[in-house]
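J.: Sequence:
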Amino acid sequence: MDNKDNQKLHIAMFPWLAYGHIMPFLEVSKFLAQKGHRVSFISTPKNIQRLPKSSLSPLITFVELPLPAIEGLPQSTESTSELPIHKVPYLKKAYDLLQPPLTHFLQHSDVNWVIHDFICHWLPRVATQLGINSVYFNISNATSLAFFGPPSELRGGQRQRPEEFTVVPKWVDFPSNVAFKLHEMVSHWDCMDDEVSDFQRLADAIQYCNLVTMRSSTEFESDSVSLLRKLYGKPVVPLGLLPPSSVPRHHGGADDQVDEKCEVLSEWLNNKKEKSVIYIALGTEVTLSQELMHELAHGIEKSGLPFIWVVNNRPLVEGMLGADIIPPGFETRVDNRGLVWRGWAPQLKILGHSSIGGFLTHCGWSSVIEALGFGRVLILFSGANSDQGLIARLLHGKQVGLEILRDERDGSFTSDSVAELTRRVMVDKEGESLRSNAWAMKEIFGNKELNNKCLDEFTRFLETWPAAT
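Heads up: the sequence shown is residues 116 to 584, going by my numbering.
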């Protein structure tokens, strides 16, 4: 197809089967549709059914590909949120089996571009064979990508054991403290597919695509973006931080129930002083032992500070019931200053409330973007999934928060260290610069105009790129 500047494109989106991946892909889809481009958003039936579809552009079409059943993957499972971490390799194997139906769809459509995740390492080569251009969209930041290095390093470089990922790599050409802790790397090793490692997948996604993008901006990490261009030898175009435009409706639960929950939380927060409350949320997929969960609770209690702690209903470790997550008597002891909230909570609404001062976070990139969009200072508690440890080091280095000290090997920590660091970040005089730095980040993370400029530049790249042959 001849790709003239004024021609509207047909773009296929194919994210990994995780809510934290699917939602950024949907946000980009909305922007592309606003620019008049057609979007085919491709995923499995359950994941598509969960998406908020109200007020979506008619230019966005959802394409359902049933996930093949494989031995080892529980029946009807289609998302990482439904699995313990050691079962995720089975989901990757099933996802790879979507190659034939996806290829069939691309063959029988007029798609110009496919925007893909790294797990589907085979897709850029399929796209090239079909005369379609491809973009690898990394849903995290440029610093994490730079840590993993170029495709040659990912395939067979010097780092072959978890220990070798605990130092800053030699190709990072600016001052950096970003590397894994050993316990984080061991945890990540556990969710890799033996047949095709995540490093192999990432190497193929980068090497065979036309263009690399990520959820970041040069205003936040210009050194890392420049380094990626050198490492990859191809265009690297950040598409912005995708700050949320509104509070998304939860995909499970009626609207009136959601409104009722929001009302209860707002009433509780309205009675607290400005910037006095810590919001605590460890994401939907973080796993902690009961012992560590109780240690965290005791640290929060010892800090003496007001808090809202959102606790998921699903077990944090296999065999552990929701009631066991919180120590006996904890809620009674903190009743006058703390609120334990079970199940889904409107995170964006909570973070935006004037009573919230800081956020104790597992360092998922979406959560960090939401918090810094409101200028909330961070208490960094890496969830040890994906690149959350790297994100914790990055933000600690940027001095927008501090990381809770943990044992390098097993990730253990003490309640005293939690209490001391929380107070330092939230109220102590020595934390004033952290609070000021985090507040200043609103100008980058909460700036929709700045982020739309990034998306505009990314879209222009797609519109002006020569058509594949």
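It is possible that some hints are incorrect.
Said to hold, decoys possible - Straight line, CA to CA, 20 Å or less: simulated SDA-like cross-link-like pairs of lysine to any residue:
#1 Lys544 with Trp554
#2 Lys464 with Lys513
#3 Lys202 with Tyr323
#4 Lys417 with Glu310
#5 Lys202 with Met300
#6 Lys513 with Ser291
#7 Lys513 with Pro290
#8 Lys168 with Val178
#9 Lys123 with Thr159
#10 Lys417 with Gln275
To be verified - Okay, the calculated beta carbon distance ranges per label pair:
#11 Thr584 with Pro189: 23 to 31 Å
#12 Gln122 with Ser170: 21 to 29 Å
#13 Pro443 with Gly419: 38 to 46 Å
#14 Lys123 with Gln164: 47 to 55 Å
#15 Gly419 with Glu197: 36 to 44 Å
#16 Ser469 with Asp288: 24 to 32 Å
#17 Gln273 with Lys464: 40 to 48 Å
#18 Ser267 with Gly419: 46 to 54 Å
#19 Lys349 with Lys161: 33 to 41 Å
#20 Ser172 with Pro443: 49 to 57 Å
#21 Lys464 with Gln164: 37 to 45 Å
#22 Trp383 with Lys123: 42 to 50 Å
#23 Asn567 with Gln405: 41 to 49 Å
Keep in mind that the hints were calculated from the coordinates and are not lab data.
Just so it is clear, CB atoms sit at the ideal spot from N, CA and C, and this is done for glycine as well.
J.: So which hints don't hold here, by number, going up?
T.: 2, 3, 4, 9, 10, 11, 13, 14, 16, 21
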